[in-house]
Every structure is written in C-alpha cells, then in structure tokens.
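Participant: My request is simple: use the sequences and hints to build the entire structure.
Each chain, written out:
Protein chains: 2
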Amino acid sequence: MSRLLRSSNTVAKCCVRTLWAPAGIEPVSPCVCTDVPGPVSKKLKAEMDAVHQTSSVKFFADYKKSIGNYLVDADGNTFLDIYMQISSLALGWLIGLLYLTYDYLLVTSLISILIDNIKVCLIVRTHFAGYNHPDLIKVVSDPRFITAAVSRPALGSFPGNDFPGEVSKALTSVAPKGCPLVQTMLCGSSADENAIKTAFIWYQTQKRGGKPPTEQDLESCMRHELPGTPHLSVLSFKGAFHGRTLGALTMTRSKAIHKVDIPAFDWPAAEFPRYKYPLEKNIQYNTEQDAMCLANVEELIAERKKAKCDIAALIVEPIQSEGGDHHGSPQFFQGLRDITKKNGIVFIVDEVQTGGGGTGSYWAHESWNLSSPPDMVCFSKKFMVGGYFYAEHLRVKEAYRIYNTWMGEPTKLILLEKAVEVIERDNLLEQVRRVGKGLQSGLRNIESAYSSKMHNVRGLGTYCAFDLDDSEHRDKFVDIAISKGLHIGGCGVTGIRFRPALIFGEKHLEITLDILSKSMKQL
Amino acid sequence: MSRLLRSSNTVAKCCVRTLWAPAGIEPVSPCVCTDVPGPVSKKLKAEMDAVHQTSSVKFFADYKKSIGNYLVDADGNTFLDIYMQISSLALGWLIGLLYLTYDYLLVTSLISILIDNIKVCLIVRTHFAGYNHPDLIKVVSDPRFITAAVSRPALGSFPGNDFPGEVSKALTSVAPKGCPLVQTMLCGSSADENAIKTAFIWYQTQKRGGKPPTEQDLESCMRHELPGTPHLSVLSFKGAFHGRTLGALTMTRSKAIHKVDIPAFDWPAAEFPRYKYPLEKNIQYNTEQDAMCLANVEELIAERKKAKCDIAALIVEPIQSEGGDHHGSPQFFQGLRDITKKNGIVFIVDEVQTGGGGTGSYWAHESWNLSSPPDMVCFSKKFMVGGYFYAEHLRVKEAYRIYNTWMGEPTKLILLEKAVEVIERDNLLEQVRRVGKGLQSGLRNIESAYSSKMHNVRGLGTYCAFDLDDSEHRDKFVDIAISKGLHIGGCGVTGIRFRPALIFGEKHLEITLDILSKSMKQL
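From first to last, the protein sequence lines are chains A and E. Position in the first sequence counted from 1, then plus 398, gives you the working numbering. Position in the second sequence counted from 1, then plus 398, gives you the working numbering.
There could be a bad hint or two in this list.
[As the list claims (entries may be wrong)] Pairs of lysine to aspartate or glutamate, DMTMM-like flavour, derived with a Cα cap of 25 angstroms:
| no. | chain 1 | residue 1 | chain 2 | residue 2 |
| --- | --- | --- | --- | --- |
| 1 | E | Lys704 | A | Asp664 |
| 2 | A | Lys462 | E | Asp540 |
| 3 | E | Lys609 | A | Glu870 |
| 4 | A | Lys609 | A | Glu623 |
| 5 | E | Lys706 | A | Glu623 |
| 6 | E | Lys443 | A | Glu815 |
Simulated from the structure, these hints should not be mistaken for lab results. Every value quoted in this text rests on a predicted model; they were computed, and no experiment measured them.
Facilitator: Rendered as structure tokens:
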C-alpha cells in the first residue's frame, strides 16, 4: 500500500534523513521508504521468533537513530510518533542530546535546503549544538546513575542515602493534593496491586479498631480462611484497564483477549459513562449517563454488603484509555468521591496512563474539583517507575506487608528527577495545553469534512481521541497513517488515540493534521 | 551492643577504610564504628518517613562507597555482605570498576601496611588499575545503554533492533535444558504471574483441541463466568514464596504477615519435605518425607479434579528460600515431574532466588536428573530482569495475551549480557562450587562446636543455611553478626541464609567463618 505513496526520490531522502538523528537534529517531516514492517524488521522478527514471542511486534525500531518526536525503524523509515511507546515516554526520544529549541520558521527552511547534503548537515549540528540540552545524557554519565545501574538496592530494606532526596525531587514535588505519601514499584500492574493491598489492609484494620492482625487472623490466612483471608472486593468499571497480573486483571474489563482463560476474583464491575459528542449538544443525555452510572455504583455497593463481600476500594481511570478513551465528567467523579466517602471505601484514581502531563497537568483528576482529594493515585508509564501516592490515614504500620525485593528502581527516579526539572523549566505543561487546543480544533475540522466516517472527537490537552465506524476501519486507518509516516495507536474497539510526547509542538501538529486529513480521505 | 566491640582505634580505621572504595580497592576486612543503624541512617529514616514508608528499612547504604563484597552504610560502617540485596546481585557492588583479581596473599599484607595512609592508598590504586576490570562501567557509558536508558521501548510491540541479540546473549545462552523460549518481565512476581497465565492458556487451549477461545469464551469472561473464566488452580507448597501480587501471593505460603487481610484464590497447598540433618544419618526419615509429600500432591490433584477445579500448574522452588531454606531431594523433584507429566499439569520451577549461580550452576534444578525437563523456569533477582524460560508447546499463539507496556527492561539485559560474559570468563561458577565446599565444611565445624544452639547446616554451592533455636535467637544472631561487620539475612522462622555474590572468595570465607564463630559464642 505504502509503495504507491513513494517516488524514487523519497527513498534517497529517507536514507539521508536517518542520518540527522546522530547529528542531533529532528527531521523536518516523516519519511516512509518501505512497507511497514519493512524487510529488516521482518527478518529480525523471524530471527527472534525462535527464542521469544513476536505475535504483537509491529516493527523493530532503531532507537539510536530516533530523535525528538521522530521514531526511526530498523528499515530507516522515519515516523512522527504520537503514540510514544503506548504513552510511556514523557519527553520524546533521547531528549537530552537531541531536543532542539530552535525557531521552527527560521530553521526549517535552512534545513530544507541542506537536507540532501550530509557534510553541510554536520556543520549545522555544530551550529545548533548550543541549542541542544544534554541534561538526560549527562544524568546517565553521572556517578550517581552509574552506581544505581550496577548496584541495584533492595529499596525496602537498604535504600541508598540518595534515595530520600530522589523521592522528594522526582515524586513528592509533583504529588497530587491530599496524597503526600508515595510508594514506588516497578510498573503499573504492581502499582495497582499494591494500592488495593494497602486498601484491604486499611479496611481490615478499621474493622479491628486500628489494631494489628490477631493470632487468629495470622493463623487462618495461611489456609485462605476467614477471618485472616477476608471476603473483600474492589469495584472497577466496565471498559477499565488496570493491568494484567491476576488481581489487576480481575479489575481490567477492557478486552476479552486480556482476560479469557485466566481465573479471576469474583469482584463487581460498574457502568462507566458513554457520552455523546459534541458534549455541549448532548447535555441531557450525558447527565443521565452520569446519574445512571452513579446509581449502579451505589447498587453494587449495597449488593456486596448484603452478600458479606464488602467493597473495600473503588478504582477508576480519569479517562478509560486502553478501553477506548472514554471520558468521565467532573460531576461523575464528584459523585464517586462522595459515594466512596459515605461508604468508607478507599477511592483510588488510576492515573497510570493519564498522569505525567499529557492532559495538560500532571494529574488529570485535579480539574474535577472534588469535595475531598482521592485516597490514592496510581502512576507508571511517563513516570518511568510505577507506584502510588496516598493519604496519611492509609499508611501501613507493620513492616513487610507492602514489600518486595526491588520496590522500584533508582535509575528511573534519577532520570525522572531531571525530566520533572525540564518540564518545569521549559513550561511543557503550558505547551501541552496550547498545542492540545490546536489539536482538538484541528481534529474537529477534519471531523466536519469527513463526518460520515470520523466521530466523537474528544480530548484533554494533547490526550485526544476520535472514533471510526468499526474495528476494521480503525485498523485500516492506523495502517494508512503509518504508511504516510504518522505513528499512531488504536484503543478500545473503534478508537484512535493521541499520546504524543510533551515536546510535541506546533510544527508537529501541522504535519499530524495534514497526514490525518489525507489518511481520512484515503480511508 | 556493638559499642562494646570497638576500640577508639577502630573508629579511626573505619573512616579511612571507607576511602578505599572510591580508590577502587576492596577493604581487607569489615569495620563497624557505630550502632547499626547509626545516627546518619536514623536521621535519613526520619526524613524519609514523612513521604515514604520506612518500617522495613534496616539502614541506608552508601552505594558509591560500596565495593566488591563490601557494603558501606551511610555512617561509614563497612560490612562484608553475604546477603547481597536479598540475593539479587550476582557480581557484587560496582563489579566493573572495583572487582579485583589480585593475588590475595601477596596483596593483603601490602594493603595492611598501607591501610592508614590515604596518600599511599592512591598510589596503590594506580598500581592496581591494570587488575580492575571496568567492563560494566564501560557498558553504562556505551551508546547502546544510554539509548536504552533514556528511550525505553514498549518491548512487546516496538523492540529495538538490538533486542533479539540481547535476548540471545543475555538469556538464551544460559537457557535451562528443554526450555528454549524466553519471556522477559520486570520482577519475580510478574514472572510467576505470567508463567501461570501461560499455563492456564495452554490448559484451556488443550481442552479446546488446540483452538483459540470461542465467541462464548470471550463473551463470558467479561462477566467472570464459565466457560471464559475457568475454575482452575495452581498447586504450590506450604512454606513457598512466589511473590506478592494477588495471584503470586495466593501461591506464597511462607509467612502470615505477607498474606493476612488480602483476598486469595481458593488454590491448594501441598506439604513440602522437612528433612532431618545431617542427611546421611536420616535417610529413612527423609525418604518417608518425600513419599508423604508426593502422596499429598497426588491426593490434592485428585481432589481438585473431583471438585471441577483442575490444577493447571504446579509451581515449586528448588530450595524454599524466603520460607526457611528448605531443600527438596532430587528424588522428590523427580516424583513431582512424573506426577505432573501423568496428569497433564504444567511443571513450573521457580528459580527466582536459586537461579543465577549461587548454587554452583545457573539453575539449581539441573542436578535433579529428571525424566524430562520442567515446562517452565522462572527467574529474576540475579538476572536483573524477571521472566521465564519455557518449552515450545507452551507458546501462546494469539497476540496481546501475554503482554504489557514494558515487558522487561533493555538496560538490564545489556548489563546481564556482560555479567554472563564475566561469569564465564572468570569461571565464577567453579569458584562458587569450590568456596561453597569450604563454607559448608566450615559451618559444620562451627555447628560441632556449638551443637546446642546451631542446627541443620545445609547448602548447595554458597547457597547455605543453618537454623537457630527460635526466631528470637535468630534475630539476635543477625544483630550480633552485623555488629561485627557481617551483613547476613534471616529466612523462615529460625533460619540464617547465605547469599554472597559470585565473587565471594576464600579470603571472604575466612572472615565470614571467623565472625560467625565469634557471634555464635556471644549468642
């Protein structure tokens, strides 16, 4: 398919463009020279298949050549990447060495002239070296990072003397309001699993009037019997994604292929709003959605109480991401906060995908104007480590209850510390809000032009999405976009999701909207 | 307590000794100058407590000053470390920069003369620079490592073009026999959780005659109902440790404090042998233990079949480590292999703690002489990433079933690749076997001298243990040993476990036995 889009001239340009990255300069536009995956990716896939599963591998990337917002694959194709490793890279590739702050208007024309001449390109590099910021690369060569990389501590028992400072600078400096305590883990699943463990412990401790487990608790739990192993549950939502380990997978309700054949806890799932767009034209319908879902939550809480399988915690994403970028209104979340408060249920906001700046602030939930803050906020992805912030009343008193060998990873904290510094210094959240407005209005324009195939444009910051008619059209659209150099992701059944890095700027937006428009036309 | 053991002279030496590490030289002996935790650790603990749990923190370490087999804490105390971050460091601290291969006899006397003179110490450093091997430090400054550190891929979908080679060199080069495929994860819990998911998927796929899930499976699993959400279980053993996420925690049966207040799956636990030592004097008793435990396994399998809650997988540690260093005999494991084979149950060997060389080979199970290899072997800790090796018949055909955002961590693979190279080049497994023999016979000598308080010396390689009378004596012994400069860990209720790095040599053994003997006397 992509073969049709190429001229022989493009191929030559591709080869040259992949040389820009080592020179420290973002390409001016994407460039696709082969099918995707190309021959090199296919060869690597066949090679790896002998020792490792490859069923979900799209293509192999050449990360050494990838730069800024651009991802280069093993075949030398250069994509504008607005998927960013499933939303897990905050600052784009090799941000330290390669992120440029040059003026787009002045420089792109210069680069365009030079684009076929590598020797001159090197001169350009020298010229622009002053504008690069090598912070993250510097971090990796810092003795503190090297020590952490080759002498990884068991953080729960023997943290390094740098660790308290790293926690403060990298994490509690951006702690959500009301959750001053933090626990690091390794990934989103372990964040969510340990968050609900903390909630269970708190719930049972409350029942005991604040006392530690009794002898009978300790003895019976070894046989998985009451009272030590309680019949408790966590309430999650249909369409939710909270991870894939067995506890987290029970709470996940996005796609059957994640869950089928795997045993699950008997925990309930509530309805999550499904709004009609544009919001301002569907106020009554959407308000009814909120009311229906909140009523469902209250029913399930009562039902479980009656069945003596109390709901100890409610976990919810601000935007159901993997499940299809379904938004909830501030009113809906205000209702959840009030219901959980009234029923003594721990209110956990899972910001594994929404956290870290893509919505225009560190935490999507902070715009909800809740009557009181959430009890716990989970994070991972853009935060490089997993973990959760939590309120003081949830602190676990006894040692070794929330514990494992590594409990996080200091090298990630050291990088995160610098990333937070860069986000603040360069006003990247402000940029996300600004560029996000442009992205949303641009998407609405395309939706107007192709209203028969494109639906439900929605977003917060650059964290945007729209729907196509069905999964077949959606998958086809992703293929068309990538053949034109735009690396974008699907979500849910019909959704297309935008997860650019925080350094996604106006020039990237322009290219994005252009390719989206052309791809929609071709669909 | 430790105050009694010190002279004012020792304090001065301590301060000097902590300067040896940056100079690239292992100290000749441990040195403790304060209580443990000392004032600096206590201050850091109080500071961190405001934002992060500290209940299990023993002390804060100064990893920049730690070197080889020696761990330096935040107060400048220098411990010979035979616990190595709960057995998670293969090669000791800062192996690249600091590991020395000098001849012990020649050099220690020289160092002893120089020990109080820092200026001369620096000369020594220059002198011995040629003997250091800076491999791992070089790895961290390699562009491949830097790229992996600052541009972390979603390995399941967009692996880097280096990834297949890294998997081969770091992992499949040491794959256990019969398990040529590997899946990387982030930690031991996620390794075990995904191993049992793979087993469940295989078990259900067999039932369907090899076919993918039906429409009815896919639809019913979203409601946690049959047939999509099956009633299956995993058989683990009393005393086992398999991690702390809810699925893994169900299989864990070592300590109540890990399990209490947390809901669990209704999965069975079988008896694991509890041998009498010395083995050669208790052959009949121990053989009966094996027979009793194997019979118990067969009973539980039949029971569960009857209850229509089939056991899909059996998971077992070669040595129940966290649970108390309980060994099983080759005959016991041969029995397990045959029973699982006969019943179509996936046989998973959890080598998260035993794997990586401490027992004298990469995999403890390879000495069992099984009728056929295990179906899966889980790893983490010394392997730096988590994951599992598995047999070809367990390959999951459909994409996105064993999947998550990161699926491992390339920087760890790059370091592991070098570690494996060093283990081979320096014959470290041979060294573990040799030094392990000395450790075991040394421990038996101490046991003979203190037979009223020290019991059940056992081990494989340097992976050794012994028991004390009760947990109170055990905890006291750990405190005495650390006050004398030996950092050692407990396990189970009464166990002391040895988990030195692979570079633990004869000179470290001599100091270890000396401190153990003195500590036992003091107990």
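Participant: Is the straight-line distance between the alpha-carbon of E/Lys443 and that of A/Glu815 25 angstroms or less?
Facilitator: This hinted pair holds, its Cα atoms lying about 21 angstroms apart.
Participant: Tell me if the straight-line CA distance from A/Lys609 to A/Glu623 falls inside 25 angstroms.
Facilitator: With Cα atoms ~20 angstroms apart, A/Lys609 and A/Glu623 stay inside 25 angstroms; holds.
Participant: For a C-alpha distance cap of 25 angstroms, please report whether E/Lys706 and A/Glu623 respect it.
Facilitator: holds (20 angstroms)
Participant: Take the C-alpha atoms of E/Lys704 and A/Asp664, compute the straight-line distance between them, and say whether it is at most 25 angstroms.
Facilitator: holds (22 angstroms)
Participant: Hey, A/Lys462 versus E/Asp540, does the alpha-carbon distance stay inside 25 angstroms?
Facilitator: holds (11 angstroms)
Participant: Taking only the CA atoms, is the gap from E/Lys609 to A/Glu870 under or equal to 25 angstroms?
Facilitator: holds (23 angstroms)
Of the numbered hints listed earlier, not one is contradicted by the structure.
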